[in-house]
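Undergrad: Protein chains in written order, with the numbering used here: chain A, 5 to 298; chain B, 432 to 664.
Simulated from the structure, these hints should not be mistaken for lab results.
Backbone N, C-alpha and C fix where the C-beta goes; we use that ideal spot for every residue, glycine too.
Misleading hints may appear alongside valid ones.
[As the list claims (entries may be wrong)] Straight-line distance between alpha carbons at most 25 Å, and here's what the computed PhoX-like set of lysine-lysine pairs gives: (1) B:Lys499 to A:Lys39; (2) B:Lys558 to A:Lys292; (3) B:Lys441 to A:Lys98; (4) A:Lys169 to B:Lys505; (5) A:Lys166 to B:Lys528; (6) B:Lys499 to A:Lys95; (7) B:Lys456 to B:Lys558; (8) A:Lys169 to B:Lys558; (9) A:Lys193 to B:Lys558; (10) A:Lys91 to B:Lys441; (11) B:Lys505 to A:Lys91; (12) A:Lys91 to A:Lys193; (13) B:Lys497 to A:Lys95; (14) A:Lys193 to A:Lys125; (15) B:Lys456 to A:Lys193; (16) B:Lys584 to A:Lys169.
[As the list claims (entries may be wrong)] Sample of chain B residues with no beta-carbon within 12 Å of chain A, all distances over it, derived: (17) Lys480; (18) Glu506; (19) Asp520; (20) Lys528; (21) Gln560; (22) Ser581; (23) Ser592; (24) Leu598; (25) Ile606; (26) Gln608; (27) Thr615; (28) Thr639; (29) Gly646; (30) Lys659.
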Amino acid sequence: MELSQFIMQFVNGLNVGSIYALIALGYTMVYGIAKLINFAHGDLIMVGSYGVFYFYTVLKLPLWIAIVLAILLCVILGALIEKIAYKPLRKASKISLLITAIGMSYLLQSTFQLIFTANPKVFPNFINLPALKLGDILIGANYYLTFLISIFLLIALNILVKHTKVGRAMRAVSQDAGAAQLMGIDVDKTISITFMIGSGLAAIAGILYCCLYPVVSPYLGAVPGIKAFIAAVLGGIGSIPGAVLGAFILGMVEVMSKAYLSSALSDTIVFSILIIMLIFKPSGILGKNLKEKV
Amino acid sequence: MLKVKDLAVKYGMIEAVKGVSFQVKKGEIVSLIGANGAGKTTIMHALSKLIDYEGEVFLEDKNISKLKAFQIVKESLAQVPERRRVFSDMSVEENLKLGAYLNSNNQEIQSDMEKVYKYFPRLSERKNQLAGTLSGGEQQMLAMARALMSRPKILLLDEPSMGLAPLLIKEIFNIIQEINKNGTTILLVEQNAKMALAISDYAYVLETGKIILEGSGKQLSDSQEVKKAYLGG
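Extracted from the complex, chain A is given alone in its bound form:
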């Protein structure tokens, strides 16, 4: 196989991986802190993309304002979902939470179908930067931008979680919410902030995803959402570095299997990895072997 083609596929894998990473972080952070698989998280990707479509294409607002508004929309929506749907169930059984999350996912999809119809919309193409030329390899602007933005966000998030007061509070709540309260930490507020950060990242991931595949539909979030969820489980749900690692592995496997094996089999391979992982190391690559607290 030609080297230049392999490099192209590698770049492609990094891109898909970095988008999955942004989404997977939302899953893993929310799980870490609220012990909840937020299945509506994937749909925030869709909300973010519709946001840009609506503010930019329909309302014709300037691009940067449209993007900022779309992210804000998701941040607020994420906080609202937590407050309305999940917070009242904080002491309920896990299965109730899970079903609520699935219901929330359908609610978002149906709402956006009602507003924008089921017909896919064309996502605006707004990246007009020149392609990057490495020898005889051309890397499109949307590719390297996706990668750079994701890496920047991953680093920023890492600093936030490791070195700020908010980040310390988030880690404290995820380790022992009761003890965190004894420190004077407002657990509800911290959970809310976590949802907001996760939702903001999902919005950005959605916008980047649509820069690569420029079609917006109400079900847009389902596939990248579930893939990112697999990435989070693969890396060890609850672990932030795990989610990033899982996402890049998954992105790479997906792209490479599409390129060199068969595009029809690609998803089969991805899901098989999940199943194999769950059989042999259910806690994930970087996850801890903690017993479930019930």
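Since chain A is already given, all that's left is putting chain B on it; use the hints.
TA: Just chain B now, kept in the frame of chain A:
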């Protein structure tokens, strides 16, 4: 300092604490002693509002029974919970910073940190070590240091002796007395009645969710009933 009136806690149908009233005077060490299941830890959890309860709790004449757990820390009540519950994936220093969560003055935090390192020099040697890798005694010290970082007027200690070697228990109890001498009021819950009574100004004996006896530390250690039930004859 702390006044508890008719505090009752129910877990479903079971009444774990059946209306207890007691008080802790400023500057004193007061202990609640009793066997396993008497309701000691339940009372401690209630005082920090980790669980809901009936009855009223006053801290320096302010009713704190309607406050949420994180707000109670603002009222200068700190708790060292049973089994320490340090944040094991974080360093000693990070644990201390979390203890000072409500304080946003970095200079104060630094000077408080130096103060707690004076009580617990061993912690300063290990400040970059993960809390989970500390020994049981060191974790107990860390939990106490962490609670002190919030500058409490009253410190609640739940079973500080649990699982520690006798020599270490002695060391911990000496430090408790020292903290008290430096102006912090202390409410202590202990199964180790002998040690607790020895350092207490006043004590209450708890049995199946009720206070059955009270008196000064000395009175209770001399009492026949307490001797029989808790001090091994």
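Undergrad: Are the hints correct? Go through all of them and say.
TA: Verification of the supplied hints:
no.: 1; hint: B:Lys499 to A:Lys39; result: holds, 21 Å
no.: 2; hint: B:Lys558 to A:Lys292; result: holds, 24 Å
no.: 3; hint: B:Lys441 to A:Lys98; result: holds, 23 Å
no.: 4; hint: A:Lys169 to B:Lys505; result: holds, 17 Å
no.: 5; hint: A:Lys166 to B:Lys528; result: holds, 13 Å
no.: 6; hint: B:Lys499 to A:Lys95; result: holds, 16 Å
no.: 7; hint: B:Lys456 to B:Lys558; result: violated, 34 Å
no.: 8; hint: A:Lys169 to B:Lys558; result: holds, 18 Å
no.: 9; hint: A:Lys193 to B:Lys558; result: violated, 29 Å
no.: 10; hint: A:Lys91 to B:Lys441; result: holds, 23 Å
no.: 11; hint: B:Lys505 to A:Lys91; result: holds, 24 Å
no.: 12; hint: A:Lys91 to A:Lys193; result: holds, 11 Å
no.: 13; hint: B:Lys497 to A:Lys95; result: holds, 20 Å
no.: 14; hint: A:Lys193 to A:Lys125; result: violated, 36 Å
no.: 15; hint: B:Lys456 to A:Lys193; result: violated, 34 Å
no.: 16; hint: B:Lys584 to A:Lys169; result: holds, 24 Å
no.: 17; hint: Lys480; result: violated, 8 Å
no.: 18; hint: Glu506; result: violated, 10 Å
no.: 19; hint: Asp520; result: violated, 6 Å
no.: 20; hint: Lys528; result: violated, 6 Å
no.: 21; hint: Gln560; result: holds, 16 Å
no.: 22; hint: Ser581; result: violated, 6 Å
no.: 23; hint: Ser592; result: holds, 19 Å
no.: 24; hint: Leu598; result: holds, 27 Å
no.: 25; hint: Ile606; result: holds, 19 Å
no.: 26; hint: Gln608; result: holds, 23 Å
no.: 27; hint: Thr615; result: holds, 16 Å
no.: 28; hint: Thr639; result: holds, 24 Å
no.: 29; hint: Gly646; result: holds, 30 Å
no.: 30; hint: Lys659; result: holds, 35 Å
The structure fails hints 7, 9, 14, 15, 17, 18, 19, 20, 22 (numbered hints given earlier, in ascending order).
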